[in-house]
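Work out the full structure: start from the sequences and follow the hints.
Heads up: the sequence lines are chains C and W, in that order.
Start counting the first sequence at 62; every next residue gets the next number (the working numbering).
Start counting the second sequence at 62; every next residue gets the next number (the working numbering).
Keep in mind that the hints were calculated from the coordinates and are not lab data.
Beta carbons are placed, not taken as given, at the ideal position from N, Cα and C, and that holds for glycine.
None of the hints are false.
Simulated restraints on C-beta separations: (1) C:R156 / W:K125: 38 to 44 Å; (2) W:G233 / C:D171: 53 to 59 Å; (3) C:V182 / W:K259: 39 to 45 Å; (4) C:D75 / W:R127: 31 to 37 Å; (5) C:S128 / W:G172: 31 to 37 Å; (6) W:D251 / C:W188: 41 to 47 Å.
For lysine-lysine, the following BS3-like pairs were computed, each having C-alpha atoms within a straight-line distance of at most 25 Å: (7) C:K259 / W:K259; (8) W:K229 / W:K165; (9) W:K259 / W:K87; (10) W:K229 / W:K240; (11) W:K240 / C:K240; (12) C:K259 / C:K125.
Listed next, the stretches of chain W that the computed footprint assigns to chain C, with coverage defined by at least 3 CB atoms under 8 Å from CB atoms of chain C: (13) 105–118; (14) 132–144; (15) 237–243; (16) 247–258.
2 protein chains.
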Amino acid sequence: MQQLDSHQYLGVRDDIAARIAAGEFKPGERLPSERQLQAGGGVARGTVREALFQLEAEGVIYRKDRSGWYVSPPPVVYDPTRWEGFMSYVEAQGRRPETETLSKVEIVCDGMLAQIFSRPVGAPMYWIRRRRLIDGRAVLIESIIVDAARAPGLIEHDLNGSLTSVLKTVYGVGVARNKVDMRPCALTRDEAEALRVKSGLPGLSLVRTCYDAQGHVVEFDREYWRHDALTVSVDIRVR
Amino acid sequence: MQQLDSHQYLGVRDDIAARIAAGEFKPGERLPSERQLQAGGGVARGTVREALFQLEAEGVIYRKDRSGWYVSPPPVVYDPTRWEGFMSYVEAQGRRPETETLSKVEIVCDGMLAQIFSRPVGAPMYWIRRRRLIDGRAVLIESIIVDAARAPGLIEHDLNGSLTSVLKTVYGVGVARNKVDMRPCALTRDEAEALRVKSGLPGLSLVRTCYDAQGHVVEFDREYWRHDALTVSVDIRVR
Numbered sequence: 062m063q064q065l066d067s068h069q070y071l072g073v074r075d076d077i078a079a080r081i082a083a084g085e086f087k088p089g090e091r092l093p094s095e096r097q098l099q100a101g102g103g104v105a106r107g108t109v110r111e112a113l114f115q116l117e118a119e120g121v122i123y124r125k126d127r128s129g130w131y132v133s134p135p136p137v138v139y140d141p142t143r144w145e146g147f148m149s150y151v152e153a154q155g156r157r158p159e160t161e162t163l164s165k166v167e168i169v170c171d172g173m174l175a176q177i178f179s180r181p182v183g184a185p186m187y188w189i190r191r192r193r194l195i196d197g198r199a200v201l202i203e204s205i206i207v208d209a210a211r212a213p214g215l216i217e218h219d220l221n222g223s224l225t226s227v228l229k230t231v232y233g234v235g236v237a238r239n240k241v242d243m244r245p246c247a248l249t250r251d252e253a254e255a256l257r258v259k260s261g262l263p264g265l266s267l268v269r270t271c272y273d274a275q276g277h278v279v280e281f282d283r284e285y286w287r288h289d290a291l292t293v294s295v296d297i298r299v300r
Numbered sequence: 062m063q064q065l066d067s068h069q070y071l072g073v074r075d076d077i078a079a080r081i082a083a084g085e086f087k088p089g090e091r092l093p094s095e096r097q098l099q100a101g102g103g104v105a106r107g108t109v110r111e112a113l114f115q116l117e118a119e120g121v122i123y124r125k126d127r128s129g130w131y132v133s134p135p136p137v138v139y140d141p142t143r144w145e146g147f148m149s150y151v152e153a154q155g156r157r158p159e160t161e162t163l164s165k166v167e168i169v170c171d172g173m174l175a176q177i178f179s180r181p182v183g184a185p186m187y188w189i190r191r192r193r194l195i196d197g198r199a200v201l202i203e204s205i206i207v208d209a210a211r212a213p214g215l216i217e218h219d220l221n222g223s224l225t226s227v228l229k230t231v232y233g234v235g236v237a238r239n240k241v242d243m244r245p246c247a248l249t250r251d252e253a254e255a256l257r258v259k260s261g262l263p264g265l266s267l268v269r270t271c272y273d274a275q276g277h278v279v280e281f282d283r284e285y286w287r288h289d290a291l292t293v294s295v296d297i298r299v300r
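Right, dumping it as structure tokens:
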């Protein structure tokens, strides 16, 4: 195998990134093959691959179903200090949000959920699994738990929109506090399959606990995002 | 190769996670070998490996220098809505923060930095590279740019602490606004080497732009964190 020059792949990376930035390859478009990218550049195939992996790590390009490399659409910006939900902030950024309910079932409260909701083990809970898309691309998979006592019959409703709206308008349950914990993670088999990405791809795990004005947990949500789909952004000023 | 049962690895994962939670294996301790973990459980070696990869993805365990699997120390909590720096919030959580300056040099402002700092191309800038550790484990690598005109001679100072403090106390330069953009990423060669992790491991890329009260950029910082070292946490309430 040819020795990779430690700086050469960064040059190839910069070259491809500049062609994307200049609009030669547009978001959603397929890149030329590795062989074509290599041609004329006088670099090894391995160097081109390393540059492509670097761009994938940065979220600039992504792989799709073995059919090659594509230019990533721009990430949406998520500000956890704001109250807007996915359907609102994605649309506000000129993108098309969609929600697909994968399953909605009644379960019984286990030990972990009993602690989170301060409810007895065995109490009925709803478990909702959804996939969310931006401009037709799956970006997150989520697993939501809601106390069935607070929202009886919730899973009979259409949940392909804002769950917070359904809880508010149908059940009068409002959210007064939002605790969001985010951690980078690797997407393992189950999430990766649901997002149609390779297992091991980096992702963001986001856990949201929503409380009502009395401090009771209304909703407990675990989300797994593909890494190139969002930027978490917080802007604070001295008051 | 033996067929992996789709649920069996999650059972093994839960079993190891429970043993860690119960304190049988403590933070920083080495796990038994894969062979030992397999023994008696009646599961395939591949199932044990898949369970370990799952726990690594979740940040519960990590690999060290080919010497096996170790229990991850608990992540530190970082709240981007607060003003505290790394040295303060890590210490406040009962952990030991350290900063190592890897390099500090004068460079000239390029096109990208000219835009960020609103300074002419060619203006002198300082470029500081640091590694930060928690309890002796490298958790982030960062690259900081400071306008040399604002802090002449900055790189003559000891920068193994809080840079914000040096800017404030020595140069009277204070920060009035902090913009933080976070994205999950894969750690590629250069960052991975500096953090002594395998290339491709998930990480968090954090870009911080600090402004003074007049709206001038004081500091531009790019950080790469290993994924199991931090939880980003935001807690907001209706006012």
